[in-house]
Each structure stands twice: as C-alpha cells, then as structure tokens.
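Read top to bottom, the protein sequences are chains L and Z.
Just so you know, this note's numbering puts 25 at position 25 of the first sequence, and the rest follows in order with no gaps.
Just so you know, this note's numbering puts 191 at position 191 of the second sequence, and the rest follows in order with no gaps.
These are computed hints drawn from the structure, not numbers from a lab.
Accuracy of the hints is not assured; some may be wrong.
What the hints assert, rightly or not - Derived lysine-lysine pairs resembling DSSO-like cross-links, with alpha carbons at most 27 Å apart:
#1 L:43 / L:96
#2 L:43 / L:130
#3 Z:350 / Z:228
#4 Z:202 / L:130
#5 Z:29 / L:107
#6 L:96 / L:140
#7 Z:46 / Z:29
#8 L:34 / L:140
#9 Z:46 / Z:95
#10 Z:202 / Z:115
#11 L:34 / L:96
#12 Z:159 / L:102
#13 Z:228 / L:96
#14 Z:350 / Z:95
#15 Z:350 / Z:159
#16 Z:29 / Z:95
#17 L:34 / Z:115
#18 L:96 / Z:350
#19 L:102 / Z:46
#20 L:140 / L:107
#21 Z:202 / L:102
#22 L:140 / L:43
#23 L:96 / Z:29
#24 Z:29 / L:140
#25 Z:115 / L:102
#26 Z:46 / L:96
#27 Z:159 / L:96
Please read these numbers as outputs of a predicted model, since none were measured by experiment.
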Amino acid sequence: MNRKLKYYSLLSAAISLLLFSPALVMSQTIIINKTNPIEKISKSQLRNIFLGNNIAWENGRRIQIVDFVSESPIRKQFDENTLLLPPQKVGMIWVKVSLSGKSIPPKIVHDEEDVKNFIGSNEGAIGYVKNTANLPQSVKIIQVIDE
Amino acid sequence: MKRSTGFDILVLMLAVFLYFPYSLPQERKYELYGYGQIDYQASDRKNSINGFNQRRVNLIGEYFLDQNIRVLTDLEYEGGVELNISDGVYSGGIKVSRMWVEYTVSPALNFRAGKMLNPFGLYNLIHDASASYYAVDPPLMYLRFNFFTGVAAQRLISKYNTGVSVFGTVNLNNQGSQVEYDFGISNGRGTLSDGTDANQNKAISGRLIYRPSFLTGLQFGASYYTDKNFSGIGGMTNDNESNAGADIQFENSVIQLQAETMFASFTNPLQTRQITVVNYVQAAYTLWDVLTPFVNFTSILPGYKNSDNAYHRWNAGLNYALSPNLYLKSEIQFHSFEEENSEGNFTVFKASLAVAF
Numbered sequence: 001m002n003r004k005l006k007y008y009s010l011l012s013a014a015i016s017l018l019l020f021s022p023a024l025v026m027s028q029t030i031i032i033n034k035t036n037p038i039e040k041i042s043k044s045q046l047r048n049i050f051l052g053n054n055i056a057w058e059n060g061r062r063i064q065i066v067d068f069v070s071e072s073p074i075r076k077q078f079d080e081n082t083l084l085l086p087p088q089k090v091g092m093i094w095v096k097v098s099l100s101g102k103s104i105p106p107k108i109v110h111d112e113e114d115v116k117n118f119i120g121s122n123e124g125a126i127g128y129v130k131n132t133a134n135l136p137q138s139v140k141i142i143q144v145i146d147e
Numbered sequence: 001m002k003r004s005t006g007f008d009i010l011v012l013m014l015a016v017f018l019y020f021p022y023s024l025p026q027e028r029k030y031e032l033y034g035y036g037q038i039d040y041q042a043s044d045r046k047n048s049i050n051g052f053n054q055r056r057v058n059l060i061g062e063y064f065l066d067q068n069i070r071v072l073t074d075l076e077y078e079g080g081v082e083l084n085i086s087d088g089v090y091s092g093g094i095k096v097s098r099m100w101v102e103y104t105v106s107p108a109l110n111f112r113a114g115k116m117l118n119p120f121g122l123y124n125l126i127h128d129a130s131a132s133y134y135a136v137d138p139p140l141m142y143l144r145f146n147f148f149t150g151v152a153a154q155r156l157i158s159k160y161n162t163g164v165s166v167f168g169t170v171n172l173n174n175q176g177s178q179v180e181y182d183f184g185i186s187n188g189r190g191t192l193s194d195g196t197d198a199n200q201n202k203a204i205s206g207r208l209i210y211r212p213s214f215l216t217g218l219q220f221g222a223s224y225y226t227d228k229n230f231s232g233i234g235g236m237t238n239d240n241e242s243n244a245g246a247d248i249q250f251e252n253s254v255i256q257l258q259a260e261t262m263f264a265s266f267t268n269p270l271q272t273r274q275i276t277v278v279n280y281v282q283a284a285y286t287l288w289d290v291l292t293p294f295v296n297f298t299s300i301l302p303g304y305k306n307s308d309n310a311y312h313r314w315n316a317g318l319n320y321a322l323s324p325n326l327y328l329k330s331e332i333q334f335h336s337f338e339e340e341n342s343e344g345n346f347t348v349f350k351a352s353l354a355v356a357f
C-alpha cells in the first residue's frame, strides 16, 4: 500500500513537473544581438514583437525578426505555444503587417545556424533556437518572464 | 620580391572579396517584395461584362539607411498595363503608390514624410494588398461610389496622403496592453494625380488603436479625417469634408470578427450638408488552418436622418490559403436597394488569386 502510494506520489510529481516545467511552457530560447541592452522580456512583449505590433526597441533601433519556414516543427511549436496562433495565421498577419508598411517581414531561414548568424550580424535582430550550444560571441540569451 | 608582394595583395583582395559576399547578405540593407491580384467577375448587373482582370501588381522596396531610418517605395501597375507610346495606345496605369522616409526615435515616436496611405480604419493601410484579407475587395466604405448623378465617383475618405505624420506604440503594461497612434498633416484631396496640392488648405488625419491585455487579439480603433476636397463628393469645389470612424476587431487562431462604422459629412448637389453612414460586420472562421468561410453585411445610409435610398450588401465567400503567401478567393455578393432605381438589385460572383511575394 505504502509502495503504491509512493509510486502514485512520484508519478503525480513527475506529471506536475512535466506540466509546469519551463521547458514545456517555453521550449525555445530567445536570443538577440549582444549589443542590445535588453536582458529580459515578458511573454506578451514577445508576442507583440513576433506579431508585428512592436516594431522598434526602446533605443529606436528597428526590430528585425528571424524566423523559421512555416513547415518547421520548431516554428510550429513557437507559434502555437507563444503566439497562440498556427503558423499559417502568423504568416497571414505578417503579410498584413509588411504590406501596410508597418514593419519589414521576418527573415525566413531553414536552420538554427542561420538564425544565430543573422542575429549576430544585425543589431536589432531577435529570434529563437532550441540548441544553445556554439552560440556566436555576438549573440546573447534573454530571459522570458511571465507577465 | 616585388612580384611576391603583388601576389600577396592580390590574395588579400581576393580574400576580402570572398569574405564580404558571404557576410553581407546577413545584414539587411534592402528588401524587395510585393503583391499581385488576378480577378474574375460575373454579374447580372445591367451592362456588366464578365471576365478576367489582371488587377494589379505592386513592387515594394525597403531601404535601410541605418538602424533608425527606413525608406519605402511602392510602385503600382494597375490593370494589365501596356504603354505603347509610338502607337499612342495606353491601358492600365502606373503610379508611385507610396514613397516615404521614416525616422524612428523610439517605439513611441516615429516620423514619416512622403506619400503614404491614409491610416483610416481597419483596411485603408492594406487597401490594395488583397493577400492580407479574406474577401476579394476591401469593405465598401473604402471604395469609390457614384453618390450623385452627373458627379464623378468618389471615395468618402482620401486613400493617399502626401505630407508628414507622427506615429508610435505605447506599451501600457507588461501584460501586452497597448495604444497605437498615428497623426498626420497632408495636402488633402485635389485634382492633381501626382499628389501636389490643388488648394492652400491642408488635411488632418488621425487614428488611435487600443489593445487591452484581458483578451489577446481584441482591439478597438477610432479614426478621423478632414480636408477641403477640391472636387467635393457632391460636386462642390473646395468642399469642407470630414469623416469619423470606429472599429472593433477580434482575432484568434480560428476566428476573425470585425465591425466598422463611418460617418462622412459633405455638401450635396442641393448645397445642403449631408451625413452618410456606412457600416459593416464581418465574421470569418478558419478550418484546418487554411480554409476560411466568411460573411459580410454592409449597409449604406446616404442620409443619416433619412434612410431613403438605403443600400445593403450581403457577401458570403471562401478563402483558401494555398500557402501563407498565396490565396484563392471566391465570393458571391447580393446588392440591394430599398428604393427603386435605374440599376435595380443585382448579384455579383467574384473569384481572385492573391499573392504576396
């Protein structure tokens, strides 16, 4: 009986850990150019940036988003978990944002190395990766905080 | 020795040449993109011709002079443009749809100067960019109308402004609540198609958007525009005209709900002031991320206090996203007038292929 209880406690703890672990809530790491003074960002600010509602950083530097192709699993996960929209809808919103002249469309790339290189070369750039190994010197990780 | 030095320099130059083409494309200095639209229309309206139309193609260029200064050019080729000067044959049109320089001080403070779209309502900034909305055309309140016999068709608002504007976004809190503003002074409407002014009076435009944090995807908007219209809607020269609009939109992963209202004040041919009201509501629901049926109901009340000659349009359609940048659209429109008129009620079927590239 005690064993069973212990087993269920362990199982429920594991489930809780899985459900509430930051890894599931935010499985991607947000990265920006090292020259950008930002150290943390809220989820809703992140949403506003990736949906074209915020177009510049506080110093006036234009935000340049780098994103993955819409078929990419990492893109799908980011759009659905962070932007709360499917990639197709995000794509359509960006068509609207860019054609209205409000903001430049995201730079679309195929792999994480391209994301890191683009962010390293553009002062106003922001993107996300899963693998943070071998980050270039010109790129830094920022913390995502709950609003 | 001299030969060796020359060789070294050559190798160095080659290395620099090979290195820069690799590194430069990472830096964004210039972007070229655009949109196009091909339509098909069939109608039982009197004297209408059914057929295809290469409606437009717009080529947009963005140049980044530095991290804070951006230049945008938008060249529009309307219709299947053909200019054959030697034969004296012209069809379609080419115009500088937009050209502006933007300076960003901070997210809350940006300046723009040049020819730009009037920031009125939900649609005027994306007026012709059909790939960015579900229906074939933007809502009726943004299109030209023949309000009075013998007077050229006009829009209730100016589509373009040539002038200066200040705009920005203010984050009200960390929960995502925002206010966006856009105010401008421009030439207003005139007869000169190149955007130069036809009178001394200037137009004022303004728009405010509020996005609350309690419901992601919800926004409220209010717009205002006033000018001295050189060729007034009612045929008066230099008519004082103004528009006030309010809009609401909610959008999530599957639903898009929109409603707008516009009050337009101008002088009619009887030389009395008239307020025309245009309203619409639109609902769209996306299935399987790509297929979006939508319905739209629009009403136009030419006289605010007198609903005679009211006009209604029901519109039902289907938008299929072949990719995030390519849309196949079809819709059927039922146009009806409350009063008898020479046109009578009619139905229009429209299909369109809209692309953003």
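Can you name, in rising order, the numbers of the hints this structure does not satisfy?
3, 4, 6, 7, 9, 11, 13, 17, 19 and 26
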